[in-house]
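Participant: Fit chains B and C to the supplied structure of chain A, relying on the hints for placement.
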Amino acid sequence: MKDMERLPRLRTRHVTLAHGGGGRAMRDLVEEVFLEAFGKPVKGPLEDQARLEMPRGRTAFTTDSFVVSPLFFPGGDIGTLAVNGTVNDLAVGGARPLYLSAAFIIEEGTGIDLLRKVAASMAREARKAGVTIVTGDTKVVGRGQADGLFITTAGIGVIPAGRNLAAENVQPGDVVLVNGRLGDHGATILNARGDLALETPIESDCRPLNRLMEAVLAAAPSCRAARDATRGGIAAALNEIAEAAGVQIEIDEASLPLRHEIRGFCEILGLDPLYLANEGVLVTFVAPEEAEAALAAMKALPEGRDAAIIGRVREGRGVVLDTVLGGQRIVDMLVGDQLPRIC
Amino acid sequence: MCLGIPGRVVEITSEDPPAGIVDVSGVRRRVDLSCTVTSEGVAALVGKWVLVHVGFAMSVIDENEAARTLAALEELGEAMEEIEAMHRSAAMLEGTE
Amino acid sequence: MSNRMESGREGMRFTDEFRDPAKAKSLVSAIRAVLDEIGATAGNPVHVMEICGGHTHAIFRYGIDRMLGPGIEFLHGPGCPVCVLPMSRVDDCLEIAEREEVIFATFGDAMRVPGTRGSLADAKARGADVRMVYSPLDALELARRNPDREVVFFGLGFETTMPSTALTVLQAAREGIGNFSLFCNHILVPPPIRALLQDPDMRIDGFIGPGHVSMVTGIHIYDFIAEEFGRPVTVSGFEPIDLMQSVLMVLEDIRDGTPRIRNQYARVVPEHGNRAALAAIDRVFTPREAFDWRGLGEIDRSGVKIRPEFAPWDAEEKFGVGYAAGKSSGREPEGCMCGEVVKGMMKPTECPMFGTLCTPENPMGALMVSSEGACAAYHLYAGLRPEEVVS
Numbered sequence: 004m005k006d007m008e009r010l011p012r013l014r015t016r017h018v019t020l021a022h023g024g025g026g027r028a029m030r031d032l033v034e035e036v037f038l039e040a041f042g043k044p045v046k047g048p049l050e051d052q053a054r055l056e057m058p059r060g061r062t063a064f065t066t067d068s069f070v071v072s073p074l075f076f077p078g079g080d081i082g083t084l085a086v087n088g089t090v091n092d093l094a095v096g097g098a099r100p101l102y103l104s105a106a107f108i109i110e111e112g113t114g115i116d117l118l119r120k121v122a123a124s125m126a127r128e129a130r131k132a133g134v135t136i137v138t139g140d141t142k143v144v145g146r147g148q149a150d151g152l153f154i155t156t157a158g159i160g161v162i163p164a165g166r167n168l169a170a171e172n173v174q175p176g177d178v179v180l181v182n183g184r185l186g187d188h189g190a191t192i193l194n195a196r197g198d199l200a201l202e203t204p205i206e207s208d209c210r211p212l213n214r215l216m217e218a219v220l221a222a223a224p225s226c227r228a229a230r231d232a233t234r235g236g237i238a239a240a241l242n243e244i245a246e247a248a249g250v251q252i253e254i255d256e257a258s259l260p261l262r263h264e265i266r267g268f269c270e271i272l273g274l275d276p277l278y279l280a281n282e283g284v285l286v287t288f289v290a291p292e293e294a295e296a297a298l299a300a301m302k303a304l305p306e307g308r309d310a311a312i313i314g315r316v317r318e319g320r321g322v323v324l325d326t327v328l329g330g331q332r333i334v335d336m337l338v339g340d341q342l343p344r345i346c
Numbered sequence: 088m089c090l091g092i093p094g095r096v097v098e099i100t101s102e103d104p105p106a107g108i109v110d111v112s113g114v115r116r117r118v119d120l121s122c123t124v125t126s127e128g129v130a131a132l133v134g135k136w137v138l139v140h141v142g143f144a145m146s147v148i149d150e151n152e153a154a155r156t157l158a159a160l161e162e163l164g165e166a167m168e169e170i171e172a173m174h175r176s177a178a179m180l181e182g183t184e
Numbered sequence: 004m005s006n007r008m009e010s011g012r013e014g015m016r017f018t019d020e021f022r023d024p025a026k027a028k029s030l031v032s033a034i035r036a037v038l039d040e041i042g043a044t045a046g047n048p049v050h051v052m053e054i055c056g057g058h059t060h061a062i063f064r065y066g067i068d069r070m071l072g073p074g075i076e077f078l079h080g081p082g083c084p085v086c087v088l089p090m091s092r093v094d095d096c097l098e099i100a101e102r103e104e105v106i107f108a109t110f111g112d113a114m115r116v117p118g119t120r121g122s123l124a125d126a127k128a129r130g131a132d133v134r135m136v137y138s139p140l141d142a143l144e145l146a147r148r149n150p151d152r153e154v155v156f157f158g159l160g161f162e163t164t165m166p167s168t169a170l171t172v173l174q175a176a177r178e179g180i181g182n183f184s185l186f187c188n189h190i191l192v193p194p195p196i197r198a199l200l201q202d203p204d205m206r207i208d209g210f211i212g213p214g215h216v217s218m219v220t221g222i223h224i225y226d227f228i229a230e231e232f233g234r235p236v237t238v239s240g241f242e243p244i245d246l247m248q249s250v251l252m253v254l255e256d257i258r259d260g261t262p263r264i265r266n267q268y269a270r271v272v273p274e275h276g277n278r279a280a281l282a283a284i285d286r287v288f289t290p291r292e293a294f295d296w297r298g299l300g301e302i303d304r305s306g307v308k309i310r311p312e313f314a315p316w317d318a319e320e321k322f323g324v325g326y327a328a329g330k331s332s333g334r335e336p337e338g339c340m341c342g343e344v345v346k347g348m349m350k351p352t353e354c355p356m357f358g359t360l361c362t363p364e365n366p367m368g369a370l371m372v373s374s375e376g377a378c379a380a381y382h383l384y385a386g387l388r389p390e391e392v393v394s
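Residue numbers (this note's numbering), protein chains in the order written: chain A, 4 to 346; chain B, 88 to 184; chain C, 4 to 394.
Calculated from the structure, these hints are not laboratory results. Do not rely on the hints blindly, as some may be mistaken.
Estimated spans, in silico, between C-beta atoms of each pair [as the list claims (entries may be wrong)]:
id, chain 1, residue 1, chain 2, residue 2, range
1, B, Glu-127, C, Ala-314, 34 to 42 Å
2, A, Gly-112, C, Glu-103, 19 to 27 Å
3, C, Gly-130, B, Glu-102, 40 to 48 Å
4, B, Ala-166, C, Gly-72, 13 to 21 Å
5, A, Gln-174, B, Glu-152, 19 to 27 Å
Here are the simulated lysine to aspartate or glutamate pairs, EDC-like style, with alpha carbons at most 20 Å apart [what the hints assert, rightly or not]:
id, chain 1, residue 1, chain 2, residue 2
6, A, Lys-131, A, Asp-150
7, C, Lys-28, C, Glu-40
8, C, Lys-28, B, Glu-161
9, A, Lys-120, A, Asp-140
10, C, Lys-28, B, Glu-169
11, C, Lys-127, A, Asp-340
12, C, Lys-28, B, Glu-165
Beta carbons are placed, not taken as given, at the ideal position from N, Cα and C, and that holds for glycine.
The following block holds chain A by itself, in its conformation from the complex (with noise of 0.2 Å):
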């Protein structure tokens, strides 16, 4: 009954269909789970829209949804992928992450415990990257009719004059680097899934990297691009880079930060870790001249302790690794998930 005394109003353990139904219900729960995370924005009764001052600059907006399987795993859960992914597609961008908005579908039956600890990882997520969460919406859906929780975020973030990241200014002399080691939190999903067996220290990357990414352009202005190598791993966000920009980057397999058991995870299962996503894992491009100064930048965050260049930008066209055997090869986009193998 501990729960009652706290909760004076939201008297149920569980989400059920009447806390989407729009009356008072629903308004108990957005309250005192939501905004009781969030914080209200303005006194006075709440409005259907946010109404915000934006600084100059041209604005970057962009949104994401997000579902996964468990809803809670090592390093992470829902709720700080749902920030920081938001956060992290208006950082790449060079954009300073302001505002961004949360809708949840909630599948009937959900604990209201849980929903507090996803708001309460958001809060602090969004407290880490320095944004406010501005406005939101909860909806209810029928057991069956979503795996627990699913979460959209949109993010609003303002580009500073000056500033234009894209992946077509990638040219052949950059340097390519990362600021993070790979495949964490691909393993940690494939792992928290359960059917796998395996023990590891291996916990998801997830963390915002706004900040990470105004210390490289601060340190070097000629930065041409950036990526965040989430799903399909650095293989993906690499090949679509070389793509946009037509040329060919060349990576060298012995300059790769993996901590030791994401290769011992990689061994057992057969997977490549260029593959594995990551949520705490930036790809810039920066001139030859520039690349010492935003490693050093990189390093000297903790976001970016394990920062290291990976390789070069050349004429031609694709991703092409060496590997550490001193031999060569393409590395293609996966059509789909690696799946653990045995063969």
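Facilitator: Showing chains B and C alone in chain A's frame:
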């Protein structure tokens, strides 16, 4: 076919059927040891490197054989270097003519 | 005696030592020298077949083919269990997996292999309960945890994998776990190799043998290749240095005209194999009269089935599918050349469908599905596009 990974047995979890925890670069998994246990008993496998395939240790890795293979490769490396040096000096001699 | 290991001592790791570029460099020089002695050229290369798909994968993953030059051509053999699995067996999987009471557990490798009604991934999308597991033991654990469901494990693979499924069946029998069964698709390496060697158009000069098969069986399963067909075999490990050293060893035997069976992978492969593993195989499995191979057709005594005494754990018996239902061969997609490629008669890029009608996005043949299938490896790693293949 048949991905097999070297890992080290770090703990025995069951005598019958013989099973234990194998560590592969810091990733651990319970592995069946039936095919590697000898008359010395399961406990003798602790600390040994085994070759793991689909959750079964299939062979105890012979460190001496591995060292022998690597030594043969070192020798080959030296021999190839000598041959290359011979080619280089031959080319140089030709160049001086 | 302590059951736990003290931490400390960092010795050999048995991986990095065998990925050393300096060793690779000297091996490349040595291999090129032997190729010169043989008189191999781009127009008249030595043909070496790596039997095992794992070796095919490693060759491309490390770029070994490009390092060795044009004097050697690798033929990619039939040692990829999902590549040689006929479509009818995938159909059988779907028939079992789509039953209401079944949890169908499989290695990830088999998820996307197409049957005539789609793949296991498609069946999953249509609602079948298909789970990817790392070990057959994990499937047995699923059976323990879901006593009201039927858990079927898709037993796939060559001699390497057989002991694991045999031991799992023995464990199920010992514990009396009645809701577990094995859909046995295990196949053997020597029979298809014999079939290839008997083909009059055969152009294989020597073989790289799959080390992990011999870890179970020993190296003498290949004696007939040297004795009856005069071709050398080197049983090889899977690290790139292992592979290159094995290539050198088999080339030396080709040069010297001394067909024999050599063991490059002695750190893992005992000459006579693993007695406990062989005993488990023998206890649970018995040869089938014949098994159907994709692209190769029926090959006598090339597969195994579960012995009658373990029939309660035999999914074919339990669900009346496959050979138990009197079915065997099924049709393959029209124009599919996987068989020719598996036999080493054709390179993947010589297939008219390669990269056009048959791609990883939309595979027609099994060799394009598995990441160790020769066609997928060419497509993914060698970066060959149709326009580059013409020359």
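Participant: Given the proposed pairing of Lys-120 (chain A) with Asp-140 (chain A), does the C-alpha separation stay at or below 20 Å?
Facilitator: Distance ~17 Å between Lys-120 (chain A) and Asp-140 (chain A) Cα, so the pair holds.
Participant: Lys-28 (chain C) and Glu-165 (chain B) were given as a pair; does the straight-line alpha-carbon distance stay at or below 20 Å?
Facilitator: holds, 11 Å
Participant: Check the following: the C-beta atoms of Gly-130 (chain C) and Glu-102 (chain B) are separated by a distance inside 40 to 48 Å.
Facilitator: holds, 42 Å
Participant: Between the alpha carbons of Lys-131 (chain A) and Asp-150 (chain A), is the straight-line distance 20 Å or under?
Facilitator: Roughly 28 Å between the alpha carbons, so the hint for Lys-131 (chain A) and Asp-150 (chain A) is violated.
Participant: Would you say the C-beta atoms of Glu-127 (chain B) and Ala-314 (chain C) sit inside 34 to 42 Å of each other?
Facilitator: holds, 37 Å
Participant: Do Ala-166 (chain B) and Gly-72 (chain C) keep their Cβ atoms within the hinted range of 13 to 21 Å?
Facilitator: With Cβ atoms ~20 Å apart, the hint holds.
Participant: Quickly compare the C-alpha distance for Lys-127 (chain C) and Asp-340 (chain A) to 20 Å and report which way the hint goes.
Facilitator: holds, 15 Å
Participant: Would the hint linking Lys-28 (chain C) and Glu-169 (chain B) be met if the CA-CA limit is 20 Å?
Facilitator: holds, 14 Å
Participant: Looking only at beta-carbon atoms, does the pair Gly-112 (chain A), Glu-103 (chain C) fall within the given range of 19 to 27 Å?
Facilitator: holds, 24 Å
Participant: Is it true that Gln-174 (chain A) and Glu-152 (chain B) lie within 19 to 27 Å of each other by Cβ?
Facilitator: Distance hint for Gln-174 (chain A), Glu-152 (chain B) is violated at roughly 51 Å.
Participant: Quick one, are Lys-28 (chain C) and Glu-40 (chain C) close enough, alpha carbons at most 20 Å?
Facilitator: Holds. Lys-28 (chain C) to Glu-40 (chain C) sits at ~19 Å (cutoff 20 Å).
Participant: Please work out if Lys-28 (chain C) and Glu-161 (chain B) have their alpha carbons no farther apart than 20 Å.
Facilitator: Cα-Cα ~11 Å, so holds.
Hint check: violations occur at hints 5 and 6; the rest are consistent with the structure.
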